[in-house]
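The hints should help you fit chain V onto chain E, whose structure is shown.
Listed below are the residues making up each chain.
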Amino acid sequence: MKSLADLQALREKLKADIKLRRNEGTIVIVGMGTCGIAAGAREVMSAILDELAVRKLVDVQVRQTGCIGMCEKEVLVDVIRPNEPRITYGKVKPEDIKKIIAEHVVNGRIVEELVVGKIEQN
Amino acid sequence: MRELSLHILDLAQNSIGAGAHNVTIVIDEDEAGFFTFSIKDDGCGMSEDMIRQVRDPFVTTRKTRKVGMGIPFIDMVSQQCGGRLEIKSVEDEGTLLKAYFEKDNIDRPPLGDIVESIKVLLAGAPWLDVIFTYKNKTKEFTFDTQEVREVLGDAADFTNPEVYSWVEGYLRQNIALVQDKEER
Chain E
1 MKSLADLQAL
11 REKLKADIKL
21 RRNEGTIVIV
31 GMGTCGIAAG
41 AREVMSAILD
51 ELAVRKLVDV
61 QVRQTGCIGM
71 CEKEVLVDVI
81 RPNEPRITYG
91 KVKPEDIKKI
101 IAEHVVNGRI
111 VEELVVGKIE
121 QN
Chain V
1 MRELSLHILD
11 LAQNSIGAGA
21 HNVTIVIDED
31 EAGFFTFSIK
41 DDGCGMSEDM
51 IRQVRDPFVT
61 TRKTRKVGMG
71 IPFIDMVSQQ
81 CGGRLEIKSV
91 EDEGTLLKAY
101 FEKDNIDRPP
111 LGDIVESIKV
121 LLAGAPWLDV
131 IFTYKNKTKE
141 FTFDTQEVRE
151 VLGDAADFTN
161 PEVYSWVEGY
171 LRQNIALVQD
181 KEER
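Line order of the protein sequences matches chains E and V.
For the first sequence, the residue numbers in our numbering are 1 to 122.
For the second sequence, the residue numbers in our numbering are 1 to 184.
Not one of these hints is a red herring.
Some but not every residue of chain E turned toward chain V, in silico, with C-beta under 10 Å: (1) M1; (2) L4; (3) A5; (4) L7; (5) R11; (6) I37; (7) A41; (8) M45; (9) K56; (10) Q61; (11) G66.
Everything labelled a hint here was simulated from the structure, so no lab data went into it.
All of these numbers come straight from a predicted model, not from anything done at the bench.
A virtual CB, placed ideally from N, CA and C, is assigned to each residue, including glycine.
Looking at chain V on its own, in the form it has when it is part of the complex:
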């Protein structure tokens, strides 16, 4: 995939498939020399057997094909960039994925359009509560869908054009305030 934001959207789809209600996404431009992102959910989690096998593309829970590319893909990309993919998961509690990439590695894909990924994620799974943080060494921005639900109450519908258009504008302006210009 061309952008890390597409991997983030893809991995968040796994959280949805795992029945998660809460998803926390953190992007850090510079964590001790690594660009990192993490996705934590409260979905069904994985057994220890599954955790051991999940980096293998020929292991999958899907029923339409006998290959699952999402995790093997980001596992490979992070290793090609001098990093790694950490997987922590407890059955019935949830899963935490964290991908590390050397910040200055020439092979690191750009982050790309993270705002579009978040907008599409929320409009496609409007029941999710998402906490999204974008940070670097000096600045940090967090968006929490609970804040929107507090203002809108039962009118908080992330599939409504007015709401997802607001989310897009709000995220774009606030991430631009934090993001290092080399990451744009």
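Excised from the complex, chain E in its bound form:
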């Protein structure tokens, strides 16, 4: 049974993690407008959260955004690695997440077949 007491035991580790998570790590953004949610954004975001937990990728930040006007391409997932272009993936399914995280987030290799956009960062 999980209880609030489990959290007590995690406290010191979580405090140490906070410093790691402030560093300039990779950011993953999921479109969570009505269009995104209807297309499966919750399941995609949950798959991302689960994969980060399994791989213990503590320095990756997951964020959400609203509708950006490309509703027909939802679920949209952006990956921004430090000092690299912002890559937007479209029509992402939960089963694509292991690949996006292993290839792009961890190893820096863009998953070309799912890309719908690329924005150069300054």
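Relative to the frame of chain E, chain V by itself:
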């Protein structure tokens, strides 16, 4: 949407957009023959004009498109299930939405995976304080993010895998203790 839990997540996104810090979500399996859920926030609220128009899909505050589907959608679904959507809102104070569905209506979508909705909501908006209650006629369970913050203090980070994984496990086991097997 396939699940009421997806509507709940979608409507909670409106609360986030309204600048809310506190969101209270209550799901009741049987409120006098109705399955109900409510979402109350302390966001910016709506003007009386906006409350009158908000069920119309061609009225929206968004800037990327001229349609807003979230509220019209749940308004329609609740009516199709012999229920209704109540909207109470006061500008600068907050908004309360409550959706009613006939409990045994054949068209009522399943609740679905409410735990996944809460987990994703908290990980995506970790500054929110959420009070979540799941109840029926005999039992009730409440989860309050303040309880987590009291234990963890400044280490309470809902974006940390250890924390959201704990939240998921804790909610799953406690909701299972309350939930009627026909709702699963």
